[in-house]
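In the working numbering, the protein residues as written are 361 to 618.
It is possible that part of the hints are untrue.
[Claimed, not checked] Here are the simulated SDA-like cross-link-like pairs (lysine to any residue), alpha carbons at most 20 Å apart as the crow flies:
hint: 1; residue 1: 471; residue 2: 537
hint: 2; residue 1: 392; residue 2: 418
hint: 3; residue 1: 436; residue 2: 403
hint: 4; residue 1: 537; residue 2: 488
hint: 5; residue 1: 372; residue 2: 447
hint: 6; residue 1: 456; residue 2: 403
Don't read these hints as lab results, they were simulated from the structure.
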Amino acid sequence: MNQHILLEEEQKQLLELLVEASRNVKREKRRKFVFFGMQSSAIIDHPGLLNGGVEAYMGDIETLAREGLIALSDGKDSVHSFYVTSEGFKYYEGMKLSQSQPVQRVENAVKHFISTDRFRHKYSDAYIKWAEAEILLWSSDSQRQLTMIGHLCREALQDFATVLVDQHRPSNVDADKAHTVARIRSVLELRRNQIGSTESKFLKALLTYWKRVNNLIQRQEHGGQKEGEPLIWEDGRRVVFQTAILIMEIDSALSKVT
Numbered sequence: 361m362n363q364h365i366l367l368e369e370e371q372k373q374l375l376e377l378l379v380e381a382s383r384n385v386k387r388e389k390r391r392k393f394v395f396f397g398m399q400s401s402a403i404i405d406h407p408g409l410l411n412g413g414v415e416a417y418m419g420d421i422e423t424l425a426r427e428g429l430i431a432l433s434d435g436k437d438s439v440h441s442f443y444v445t446s447e448g449f450k451y452y453e454g455m456k457l458s459q460s461q462p463v464q465r466v467e468n469a470v471k472h473f474i475s476t477d478r479f480r481h482k483y484s485d486a487y488i489k490w491a492e493a494e495i496l497l498w499s500s501d502s503q504r505q506l507t508m509i510g511h512l513c514r515e516a517l518q519d520f521a522t523v524l525v526d527q528h529r530p531s532n533v534d535a536d537k538a539h540t541v542a543r544i545r546s547v548l549e550l551r552r553n554q555i556g557s558t559e560s561k562f563l564k565a566l567l568t569y570w571k572r573v574n575n576l577i578q579r580q581e582h583g584g585q586k587e588g589e590p591l592i593w594e595d596g597r598r599v600v601f602q603t604a605i606l607i608m609e610i611d612s613a614l615s616k617v618t
């Protein structure tokens, strides 16, 4: 990372969003970002941005341009464009490599995905419960909170599935909120042709994985009594992280087709 460039946290987050949006589009199909400037904010549009445009502070856009991380083009009627420069990609790489060790960087990327404003707004109930479970995981009395962590993760998955069912409205969907696998399967079946065959196969396998995570969560919620094995902190970490993985992969796939 260029040590001479000092960015505020919000500016780093914006650059991260822009770089990852650029990478979400095949190189031969890449195009510039377009933004519609207003008094103090702008709406940025790009095919690599999930769920459409994002709002950004104009001052942050200007700072990234001034530091050479993006290249602005003049526009007309408050409509402008820009692209991420090679310096911007290098700065992004430096940010990621400075985030501890490789495994921790992957975990940070998952946590960042479900902590974005877009995700928190769309899945507010699911996010609140998952975030509470994640906080309990690092608390001083986390050992005593392991069953609560399981309970919160179970409800987070249920709330997540409910939002998708309400949004996509598949026919003959299982009405029982607890039957998360069946409910998500109905949504994925509805969107199978739009998702594509390769990714559909992956998501089908992911549903089998979802069942196994559900088993972990149920064991967690019941304190491991059925198995006769006491819960440990690693059980809590596994449930919190795997819940986030499931949510991220399903949302990422469906966001491309809606």
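Outcome of the hint check:
At roughly 25 Å between alpha-carbon atoms, residue 471 and residue 537 are farther apart than 20 Å, so this suggested pair is violated. At roughly 17 Å between alpha-carbon atoms, residue 392 and residue 418 fall within 20 Å of each other, so this suggested pair holds. For the hint pairing residue 436 with residue 403, the CA-to-CA distance comes to about 15 Å; that is within 20 Å, so the pair holds. Taken as a hint, the residue 537 and residue 488 pair is honoured in the structure, with Cα atoms around 18 Å apart against an allowance of 20 Å.
Straight-line distance between C-alpha atoms of residue 372 and residue 447 comes to about 13 Å, which keeps the hinted pair within the 20 Å bound. Of the pairs offered as hints, the one joining residue 456 and residue 403 is violated, with about 26 Å between alpha carbons and a cut-off of 20 Å exceeded.
Checked against the numbered hints given earlier, this structure breaks hints 1 and 6; the rest are met.
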